[in-house]
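2 protein chains.
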Amino acid sequence: MGAFHEGHFSLMRKANRECDYLVVSLFVNPLQFDIACDFDRYPRDTVRDQALAESHGVDLLFTPAPYEIVPSDIDTVVSVPSLSRRWEGASRPDHFQGVATIVTKLFQIVRPDVAYFGQKDYQQVAVIQQLARDLHFDLKIRVMPTIREKDGLAKSSRNQLLSPDDRAAATVLYRALHHAKQSVKGGERDCRILQKKVALILKKERRADLDYVAFCDPKTLEPVSLVTGKTVILLAVRMGSIRLIDNLVIR
Amino acid sequence: MGAFHEGHFSLMRKANRECDYLVVSLFVNPLQFDIACDFDRYPRDTVRDQALAESHGVDLLFTPAPYEIVPSDIDTVVSVPSLSRRWEGASRPDHFQGVATIVTKLFQIVRPDVAYFGQKDYQQVAVIQQLARDLHFDLKIRVMPTIREKDGLAKSSRNQLLSPDDRAAATVLYRALHHAKQSVKGGERDCRILQKKVALILKKERRADLDYVAFCDPKTLEPVSLVTGKTVILLAVRMGSIRLIDNLVIR
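As you go down the protein sequences, you meet chains A and B in turn.
Heads up, the first sequence is in our numbering, so the first residue is 1 and it goes up one at a time.
Heads up, the second sequence is in our numbering, so the first residue is 1 and it goes up one at a time.
Read the hints as simulated data drawn from the structure, not as lab findings.
Do not take every clue at face value.
As the list makes no split between identical chains, a pair holds if one copy fits it or if it spans any two.
Here are the computed lysine to any residue pairs in the SDA-like style, where the Cα-Cα straight-line distance is at most 20 Å [said to hold, decoys possible]:
#1 Lys-120 to Lys-155
#2 Lys-204 to His-178
#3 Lys-181 to Arg-251
#4 Lys-140 to Gln-108
These numbers come from a predicted model, not from an experiment.
Chain A on its own, in the form it takes in the complex (with noise of 0.2 Å):
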């Protein structure tokens, strides 16, 4: 969705180390956006783009015109109900099923032997995942981690759209999801109490607002009541009219 930052530099570099041809979409999905001014104000600069992504080993950025992927007759529409119903599609209703078809689309023209995404879309790697399988793309889709701000706050496009003070605030994510991980650590197992340190912590930022904080099966992304195996955390603020995620997988 362009926007270029760490987090993509580190999937770019990484696909250049595996691969001959290494292509990348540059396309504002206007189908994953539920409100408008959302996506009117998503970032755009694509001339600063285009010169990242060469000097970053870049050998197709595609960049399709809005009405090349979205013709006004289009009327398919792929989606993941199961995985999708929860979380960031509790918040976004038809978030997913917009980034399922667009990455379907995607995927179907420039046909990739490798596909790289970020872990920090936990709930959205999961969905193409699923998709991939399902629909039977001929495709390898690795998930690179989290690239974060020195501070902990992951590397998002919507950083940049935080007040100062917001952006301060924000590293109340990074923290919230750490003191959860070391609470786990300490033998702490109980899903119930170790989401409700993590409100705590959210409550003392007045400047963020819990969304949610849930405690989930890393394949299903369904809650689980005790933390017994792998298991992801997933978080979802509000900084104003931002809104924020991010994610940690324990062990």
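Could you slot chain B onto chain A? The hints should help.
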């Protein structure tokens, strides 16, 4: 879906003439049946179908097991909502979603250059053409004319489920379509009047129960009020517990 008849053979013959390698899928798709008993009683005779495919020059008969195509953890759905809403879609709510999902999977597995379908399932073909275009499938879709019995009844695997009396009465579908065509030839353009004429013919056949008759734009399948250009007449009729469909394109 097997139970091969002359309609299928006409597709096989055409494909054999036009292509180097001919794959035929034989898979009774559970997702496209709304009623479990309709799925259960759908005619199946794999041994007979295998012999028939071989004698018609089929290079590969693709007969996946249900669990291979519809595993228990499948969660991806392909749908074409606008084209699927009316007519067969109205009578069979999840039918076209089941068709679109499975055809997408078969296309991805087989990767055909050309795919052959029969015009008898007119709306199904429209849905598949739309999804192939929308999802950028790299293939050509060829639609072959409906093959009919001598008395006009469109060949269908479901015909063998009719009682002898219902089978005899089932000629009413083609008679009604033909009568509508003749009325248009005779100068009638008003689709409400044409619909009434069709309904009247159906009413005279007491074994037949009209589900719908529609005069539609051949691409969008939206109903038209006047026959001004190319128009498709879509017809669905119940004979006892068996539903039959037919259609006729008029110019």
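Each hint tested on the structure:
Proximity of Lys-120 and Lys-155 under a CA criterion of 20 Å is satisfied intra-copy only: 8 Å inside one chain copy versus 54 Å between copies. Proximity of Lys-204 to His-178 under the C-alpha cut-off of 20 Å is restricted to the intra-copy arrangement: shortest distance 16 Å within a copy versus 76 Å between copies. Taking identical chains as interchangeable, the C-alpha atoms of Lys-181 and Arg-251 lie at most 20 Å apart only when both belong to the same chain, with a minimum of 9 Å there against 70 Å between chains. When the C-alpha separation of Lys-140 and Gln-108 is checked against a cutoff of 20 Å, the pair qualifies both within a copy, at 14 Å, and between copies, at 15 Å.
In terms of the numbered hints stated before, the structure departs from none.
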